[in-house]
Structures are given as structure tokens and as C-alpha cells.
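2 protein chains.
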Amino acid sequence: MAQAVQASIGDSEFDRDTAVTLRAPGVYDAELSAGWTIISAVNGGYLLALLGRALGDALPHPDPFTVSAHYLSASQPGPAVIRTSVVRTGRTLSTGQASLLQYGEDGAEIERIRVLATYGDLDTLPDDVRTTAKPPVMPAIQDCLGPSDGPAPKIPGSSAITDRLNIKLDPATVGWVVGAPSGKGEMRGWFSLADGRDADPFSLLLTVDALPPTSFELGLKGWTPTVELTTHIRCRPAPGPLRVSIATRNLAGGFLEEDAEVWDSADRLVAQSRQLAKAPRG
Amino acid sequence: MAQAVQASIGDSEFDRDTAVTLRAPGVYDAELSAGWTIISAVNGGYLLALLGRALGDALPHPDPFTVSAHYLSASQPGPAVIRTSVVRTGRTLSTGQASLLQYGEDGAEIERIRVLATYGDLDTLPDDVRTTAKPPVMPAIQDCLGPSDGPAPKIPGSSAITDRLNIKLDPATVGWVVGAPSGKGEMRGWFSLADGRDADPFSLLLTVDALPPTSFELGLKGWTPTVELTTHIRCRPAPGPLRVSIATRNLAGGFLEEDAEVWDSADRLVAQSRQLAKAPRG
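Just so you know, the protein sequences line up as chains A and B, in that order. Numbered according to full-length UniProt numbering, the first sequence spans residues 1 to 282. Numbered according to full-length UniProt numbering, the second sequence spans residues 1 to 282.
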């Protein structure tokens, strides 16, 4: 099969839209692209990738090992500033803090997200793999369903992000598209960036929050705002499409958790995340 | 059976040892008790409870909903200071930050833990429960095993914390005590405070990090230092003993995750946590 020229890491839509520019020590300017919006706001995983890149520059270690983000207010496309500070530096790990801020009508800064993150160097980790988790069982990529394979799901507001991602969902988890949600809090699919750029630790920060929310398959529609999202990056991903599974086991009291696992083409569990989100009222 | 007088919430060993004293706006003095040490350091869950209480005082909402802690250096018994700041206050949620610091030989402050946390009011949440997770299957409390029921496990260093907790482990997860670990990354048990104080959201922050590490059942001995621990408190726990299950599914590259679930006597999933820890070398 013919394939378009593949964008490389460092020269892709994702890299351009997550670029940060050093303005002063620890302070980075960024432009939140309208291309990564969904429903009513900029996607939280895209924002996490931006913050991750700023911290990767500010800290002595290159790779996010664990990133804890508390979401404070909904980001809008446009200018933003990321303020970082180094909390601790060690030989193998360093910890930093970052805030993403935008500007109100009066020019005052409004904080969107605050992050604590511990970084290291994935290339220095030992080779031992004693993972007992198994990759999600789902059909081959050509038997999974993307936006062009059927009726468009009714999502209110923007769906610009869907043009930038190549997500093919397991047919068992797309009942919500046709008004027949499974009732199970599960979503599974194949994931890659639309321009073919391979995954790296920063794009994994996007990947963990890129699938439709599990709440859609629980019959709840609408905005599922993230309160907090923590991601562990455990391995540098191999080239090729990723498999992502997300699951919710505790929808109660108006909140739900979402656990994501990301598997690479070499069957390594490369990222694990958990978020606490507000349940839609629908 | 006769039972000793039960300590009440607010008047117990746990409450005394997690007390914080306001020194200045947002700044609290604390004394890290030697009674909550394990192996070579003060237990991370006990420290989290201390930080949780300080933030509960500093923020307008009383209950921790999600607490993300990055552990920077090992705490020692003795004086400490907790510095808090309010990140955002909203109608239903507020977010704060806190650092636990101790003092070096030269009197300089050394940061032990930094926390981001979002608080709310558990009593205002709606009653809906659509939890699909099930409580862990394990024997009745009288058929589970505590320190007085068999050979003492060989843990190097302090085990003072075991006197303050009433933990009875599922016999299926105590093979490590007699040198025959199951090889499964699982640990399950009944949990209560030794003086009978009932659980509340702050003691749950201790509970999620109180069982022996799953790595013991994976045949690894020794110190499993937490890098990051995020806890969701989802419901005010009912009185009575708690059931705790922890599981590791991804031991690789010198790190492991540990997921904990805490269930109360009313079969509610009251807390979920995940930590990233360094795997012991043994």
C-alpha cells in the first residue's frame, strides 16, 4: 500500500503545535493551537504534552517518568505561558513543577493547569520486563472503526482534534456513536498521529487522554472535565501504531476515574495513566 | 469478645501524631512520630495524612478528593514544617499545594514531599453509585494473618508502624513471610487502626500505603521507595474494618506501579490510589 511521507519526530504537526519558546529562565511562551480542541476546550493531553516539553527543557533529565496534573480552568486556543521551577535534582531522577497560564480580558494571568513531574532518562533503565498485564484484545487495525467508517458521532462543539489523530476504535466500544452504548466503562482502539509521526514520551502524554471518554459507553453524553490526571511513562515506545485501552470501574458521587494503558508495537506497556473526572450530567 | 474502649475520630493516636499547628498563614509545624516508621524511613502514607490535614485547614473545602504526592527524600522522625499555598478556589472544588520540609544539620530546610491536591466536600456529592469494581475476595478477618499469628517477617530496620495498625493479610498473599512468595504482584488484607479509631478521608491517605509492598510477593526484598503516589478519596468511609487490595501489573525497567483499592464495611470503593515506586534490587 502506498503511504504518504511520514513526518518524523521533531518535524511534525504535533511538534510544531507543542513548541515552547524560552522567554526567561524557566519561563516559556506557547501558542495553544485550535487544532487540538474537542467539545468546548483544548484537549487536556495536548496541554500535558506542552507542559511536558517545557519541563523536559527545564530539568536535567529528558523524559517524563511520572506527571501529575491538576486542571484548574478550561484552556482556550491562543497564547499561553508556562512557568516552571526545579524542585529537586538527583542523579537518576529530578522533580519539577509547572503552571500553564493564559490571559484574561484585563490581561491578568489565569492559571489553567498545575503540574508536578518527576523526570529521568528512559534509555538508562535496565532491561528487565516482568509485566503481568496483557495487551488489550481487539480486532486488527483494519477491522476497527474511525470517523470515516460510519456515522459521525454526535459530539457537541469542536472536534478539530480528530483530524490530527488516527484513532480506530474496537467495534465493541463504539455503541455510543449510534445511541447504543455498551454500558461497560471501556474504550479501546489503535492510536497514531495523523501525519505518521512516531510516538515518543511527549506524544504519549497526549495519547493517554485522546480516546473518547469511557462515560460515552456508560450512556453519559457531554463534557467530562478532568480534575486530575497522572501519567507514568515506563518505556520509550517502539515505532508503529499504539494500542490504547481505557476503563472506568468507579462511577459514583458525580465523579469517575479513567485508567489508560498504552501498548506499543513491541508489546511493551509504555504508559499507564489514571484520571479523576467529573461525570457528565446527561 | 471484650473489646478495649475504641478511640474516636479526633482523639486517637493517629490524630495526635498527624496534628499540625498553624505557625503563620499557610505554614504549619508538625512532629513526625517515630511510631510510623518502616524499614528505613517514616511511612509515606502517614506523611500524606499529615499533609492532607494541613491542606484541609488551608483550603476552603474539607475533604481530599485527589492528592498527588512526589516524594523527594526520605523523612526522619522529628520536627517538620508544612508550607501550603492555595492554587485555586471554586464553588465545589479547590486546589492547593503543600511541601513537607525538615531541617539539615546546618538548619537548612530539606524538602521531603511536594503535593498538589484538589479538595471538595464529600457530604455534598450525589448518591449515585454505578461502581462495577467488586470488593476483593478474601477470607473473613479471623481467618487472615497478622504479626501475632505466625513467624515474624524478616524486615530490615524498623517495623514500629505495625504496632499502630491492625492489618490481617489474606493467607494467599503472605508467602513472602516464610520465603515462598506467590510470584503474583498482589497483597490483600483487612485494615484498621490499632486503637480502633474509625476511618476518615485523612486516615485513608495512610491506608493506601500501609500494606507490605507487592514486590515482597514478587520475591523482591527490601526498600521500595515511592516516587509518586496519587490517591482519590471517593466516599466518606463507613465505620468498621476496611478491605485493602494492592496489585502490581507492570514491574519493568527498575520501577513498578502499585494500585490500591480500599473498600469500606458498606461495600463502597472509598479510595483508589496508584504509585510509581523504585523496585528493590534484591
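Mixed in with the good hints there might be a few duds.
Chain copies aren't distinguished; within one or between two, either way the pair holds.
What the hints assert, rightly or not - Subject to a maximum C-alpha distance of 30 Å in a straight line, what follows is the list of computed DSSO-like cross-link-like pairs (lysine-lysine):
1) Lys221 with Lys184
2) Lys278 with Lys221
3) Lys134 with Lys278
4) Lys278 with Lys184
Everything labelled a hint here was simulated from the structure, so no lab data went into it. In this text, all values refer to a predicted model and were calculated from it rather than measured experimentally.
- Task: Against the earlier hints, flag every one the structure doesn't satisfy and list their numbers going up.
- Result: Nothing - there is no hint that the structure violates, so all of them hold.
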